[in-house]
Amino acid sequence: MINDVSKIITNVRTTTPLIHAITNYVTINDCANILLSYGASPAMAEAYDETYDFASISSALYINIGTLTKEQEQAIIMAVISAKNYNVPVVLDPVACGAIKRKMDVINRIFQLGKVDIIKGNLGEIKYLAGYESKSRGVDSIDDGNNSVEACESLALKYNCTVIATGAEDIVTDGKRTAIIKNGTKLLTLITGAGCMVGALTAATAAAEKDKFIAGIASVLAMNLAGEHAEKLTKAPGSFRVKLIDEIYNLKEEDFLKEGKVTWL
Amino acid sequence: MINDVSKIITNVRTTTPLIHAITNYVTINDCANILLSYGASPAMAEAYDETYDFASISSALYINIGTLTKEQEQAIIMAVISAKNYNVPVVLDPVACGAIKRKMDVINRIFQLGKVDIIKGNLGEIKYLAGYESKSRGVDSIDDGNNSVEACESLALKYNCTVIATGAEDIVTDGKRTAIIKNGTKLLTLITGAGCMVGALTAATAAAEKDKFIAGIASVLAMNLAGEHAEKLTKAPGSFRVKLIDEIYNLKEEDFLKEGKVTWL
Amino acid sequence: MINDVSKIITNVRTTTPLIHAITNYVTINDCANILLSYGASPAMAEAYDETYDFASISSALYINIGTLTKEQEQAIIMAVISAKNYNVPVVLDPVACGAIKRKMDVINRIFQLGKVDIIKGNLGEIKYLAGYESKSRGVDSIDDGNNSVEACESLALKYNCTVIATGAEDIVTDGKRTAIIKNGTKLLTLITGAGCMVGALTAATAAAEKDKFIAGIASVLAMNLAGEHAEKLTKAPGSFRVKLIDEIYNLKEEDFLKEGKVTWL
Numbered sequence: 001m002i003n004d005v006s007k008i009i010t011n012v013r014t015t016t017p018l019i020h021a022i023t024n025y026v027t028i029n030d031c032a033n034i035l036l037s038y039g040a041s042p043a044m045a046e047a048y049d050e051t052y053d054f055a056s057i058s059s060a061l062y063i064n065i066g067t068l069t070k071e072q073e074q075a076i077i078m079a080v081i082s083a084k085n086y087n088v089p090v091v092l093d094p095v096a097c098g099a100i101k102r103k104m105d106v107i108n109r110i111f112q113l114g115k116v117d118i119i120k121g122n123l124g125e126i127k128y129l130a131g132y133e134s135k136s137r138g139v140d141s142i143d144d145g146n147n148s149v150e151a152c153e154s155l156a157l158k159y160n161c162t163v164i165a166t167g168a169e170d171i172v173t174d175g176k177r178t179a180i181i182k183n184g185t186k187l188l189t190l191i192t193g194a195g196c197m198v199g200a201l202t203a204a205t206a207a208a209e210k211d212k213f214i215a216g217i218a219s220v221l222a223m224n225l226a227g228e229h230a231e232k233l234t235k236a237p238g239s240f241r242v243k244l245i246d247e248i249y250n251l252k253e254e255d256f257l258k259e260g261k262v263t264w265l
Numbered sequence: 001m002i003n004d005v006s007k008i009i010t011n012v013r014t015t016t017p018l019i020h021a022i023t024n025y026v027t028i029n030d031c032a033n034i035l036l037s038y039g040a041s042p043a044m045a046e047a048y049d050e051t052y053d054f055a056s057i058s059s060a061l062y063i064n065i066g067t068l069t070k071e072q073e074q075a076i077i078m079a080v081i082s083a084k085n086y087n088v089p090v091v092l093d094p095v096a097c098g099a100i101k102r103k104m105d106v107i108n109r110i111f112q113l114g115k116v117d118i119i120k121g122n123l124g125e126i127k128y129l130a131g132y133e134s135k136s137r138g139v140d141s142i143d144d145g146n147n148s149v150e151a152c153e154s155l156a157l158k159y160n161c162t163v164i165a166t167g168a169e170d171i172v173t174d175g176k177r178t179a180i181i182k183n184g185t186k187l188l189t190l191i192t193g194a195g196c197m198v199g200a201l202t203a204a205t206a207a208a209e210k211d212k213f214i215a216g217i218a219s220v221l222a223m224n225l226a227g228e229h230a231e232k233l234t235k236a237p238g239s240f241r242v243k244l245i246d247e248i249y250n251l252k253e254e255d256f257l258k259e260g261k262v263t264w265l
Numbered sequence: 001m002i003n004d005v006s007k008i009i010t011n012v013r014t015t016t017p018l019i020h021a022i023t024n025y026v027t028i029n030d031c032a033n034i035l036l037s038y039g040a041s042p043a044m045a046e047a048y049d050e051t052y053d054f055a056s057i058s059s060a061l062y063i064n065i066g067t068l069t070k071e072q073e074q075a076i077i078m079a080v081i082s083a084k085n086y087n088v089p090v091v092l093d094p095v096a097c098g099a100i101k102r103k104m105d106v107i108n109r110i111f112q113l114g115k116v117d118i119i120k121g122n123l124g125e126i127k128y129l130a131g132y133e134s135k136s137r138g139v140d141s142i143d144d145g146n147n148s149v150e151a152c153e154s155l156a157l158k159y160n161c162t163v164i165a166t167g168a169e170d171i172v173t174d175g176k177r178t179a180i181i182k183n184g185t186k187l188l189t190l191i192t193g194a195g196c197m198v199g200a201l202t203a204a205t206a207a208a209e210k211d212k213f214i215a216g217i218a219s220v221l222a223m224n225l226a227g228e229h230a231e232k233l234t235k236a237p238g239s240f241r242v243k244l245i246d247e248i249y250n251l252k253e254e255d256f257l258k259e260g261k262v263t264w265l
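Chains as they are written, first to last, in the numbering used here: chain F, 1 to 265; chain Z, 1 to 265; chain B, 1 to 265.
I should point out that these hints are in silico values taken from the structure, not numbers from a laboratory.
Hints may contain errors.
Because identical chains share one entry, a pair is satisfied inside a single copy or across any pair of copies.
Unchecked claim - The list that follows gives simulated cross-link-like pairs (lysine-lysine, PhoX-like), each with its CA atoms no further than 25 Å apart:
id : residue 1 : residue 2
1  : 235       : 7
2  : 186       : 84
3  : 235       : 70
4  : 261       : 101
5  : 101       : 70
6  : 235       : 252
7  : 252       : 232
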């Protein structure tokens, strides 16, 4: 399995998938830059008049609902309908779904009209979506981690998709297969956008790999390993953010094989 | 007094206030990252459908009118009404209020329907709001500094709030007490967003400290000291911006006591 | 000629032109920071209620249609009308014009109601606008370069403006005079926004120099030289992006004279 995971970065660099991202204004630049460093080609079309057309020619679609203006909501709905019609993989990042009521209205509409291949959230968001008791504060999870795996698997089965829950340990599951990833660094919580960047990378891996469970592990592991490498160079968040992009660019297949701490449940 | 100022950074790091920021798209990422480095938890909800709910659960609200789309205007009005109803401290950054007529329309509406605890602008903006002759160019102040303290005090008394005017020297006043801060570096004018970041930090200090005059000094001083520390590491603006975030993270209580150049009028 | 090109950076630093930029949310921060590093004063007013007024007081206007929300479209139309009425130079960046049908609708409206002094695009975009066969993918050109100079000259004559086409080699032409610039580094394609930043810088040079052909060469060369200087310091994209801003700040007139590889056709 880890062999399949490790090969994806080469697949992405060889095929340069076109990633259509509709994402929040806070970290939109980070998402574009990390996709470029990873070897993908980002495009952030978000106008209502453009997303149906643009999603149809994309290799994968990343939807992040962090700063959800009215036009973004409309543009997202058009994009997910297009992705369904044109069979484009979709990654959904349900930012703050448990903190703000309106987020769930939009998420429900996405599931009603589109098709989601991977849901990537923090643990609080994933448990909330799965209908489990969860704790969030603003856009952050402060969940204690009870029943985490169970919640992820239940959500994966509910929507017939892969689920990624990020946290101190990361969980990836398609409901039947489950992996726990123990790499990473606390520095990733000291910059904004680590979660968004994982989501964007997941769209790239989903474009390059049919098995979305494997794709999900590959993106989470890429971020965690790059974070560990960057942490060796600096402990301060401003510099860490810069080095993180560098280290995504420097990742090699063997890093995944040698350093990946993946437990297969 | 300086003892009270110095303690705020520890208070923020201990309590991790949730800062709701509605801000311009130019420096929204910088504002989020500097809040994280300072120890606060940023959330940039700006959709009209979300800001009333989100402001109500926040520790403080930062309003920056730099890139004021129609939806942002509406979202800001909802947020300030919510902040008033739920007693959430509000920091207003009246970007370019003297340069663009429409900005004053929105600012007047904010004062009509909301409650502002701290106004933080550059000297040109503050003097304009106070009804004094002032000089601005685009988003920058080119004011000569005549009657600066008088203008700040007058504005503070007019709106019963604390006023921060940034410039070569920074002024903080609640109309009765006034402080002049002589720290900082010219490099802060060579990057975009130094003013916005001070505003965001002010929301964090306002969340942690009841006395908004003290809170205002704490945020201005934090930015100035981090700027001085970063300047020791680099003189070029791209690198300076990165180090500035690092040095906010590295700030210690004793830095304020040892290095703060605050004159109490 | 290269003497005229080299002097522009000093002119900008002396006059600090006020650059009004309406640009995409992905790289809006980079555009503002590179303008500051170059010596200009950026202002990113993009609200429909503000752009007519703001364009009228600006030294030059930069229009980038990368993330074209409905309000941005309306704001752009108001800005270009204002620029025409007040004789403010306009630089147009026709991002993805060949990939998304709606972009051309907006571009046609800009030419109908406004006046464009410089069109700056990648080669695929420029050839598409000129009516030549071209190849793009998302926001990137993958054009082979056939008939490039001919296409640029034809477009310049069609709209009576200067045309900049970026690529492995960069072309600048006003239809009668044409220059090929062979500086630069591949690292500029590994970060997002290199093209946008050239566009923003072009607005600064267009504000400082009447001859827009010379202005176009100056901005392209500035970016390429800064890129070469940054590449000497780092090969990784995250760090490169930081150093690029530093090296724009460090550029000297003699760098243009000594290092510029400009072929005058």
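Hint check:
1. For the identical chains of this complex, residue 235 and residue 7 are inter-copy neighbours only, at 24 Å across copies versus 30 Å inside a copy, given an alpha-carbon limit of 25 Å.
2. When the C-alpha separation of residue 186 and residue 84 is checked against a cutoff of 25 Å, the pair qualifies neither within a copy, at 37 Å, nor between copies, at 36 Å.
3. Taking identical chains as interchangeable, the C-alpha atoms of residue 235 and residue 70 are never at most 25 Å apart, the minima being 39 Å within one chain and 40 Å between chains.
4. Within a single copy, residue 261 and residue 101 get their C-alpha atoms no closer than 36 Å, and across copies no closer than 46 Å, so neither meets the 25 Å cut-off.
5. Taking the shortest alpha-carbon separations for residue 101 and residue 70, both the intra-copy value of 15 Å and the inter-copy value of 22 Å come in at or below 25 Å.
6. Within a single copy, residue 235 and residue 252 get their C-alpha atoms as close as 23 Å, and across copies as close as 16 Å, so both meet the 25 Å cut-off.
7. In this homomeric assembly, residue 252 and residue 232 come within 25 Å of each other (Cα to Cα) both inside a single copy, at 17 Å, and across copies, at 23 Å.
Checked against the numbered hints above, the structure breaks hints 2, 3, 4 and satisfies the rest.
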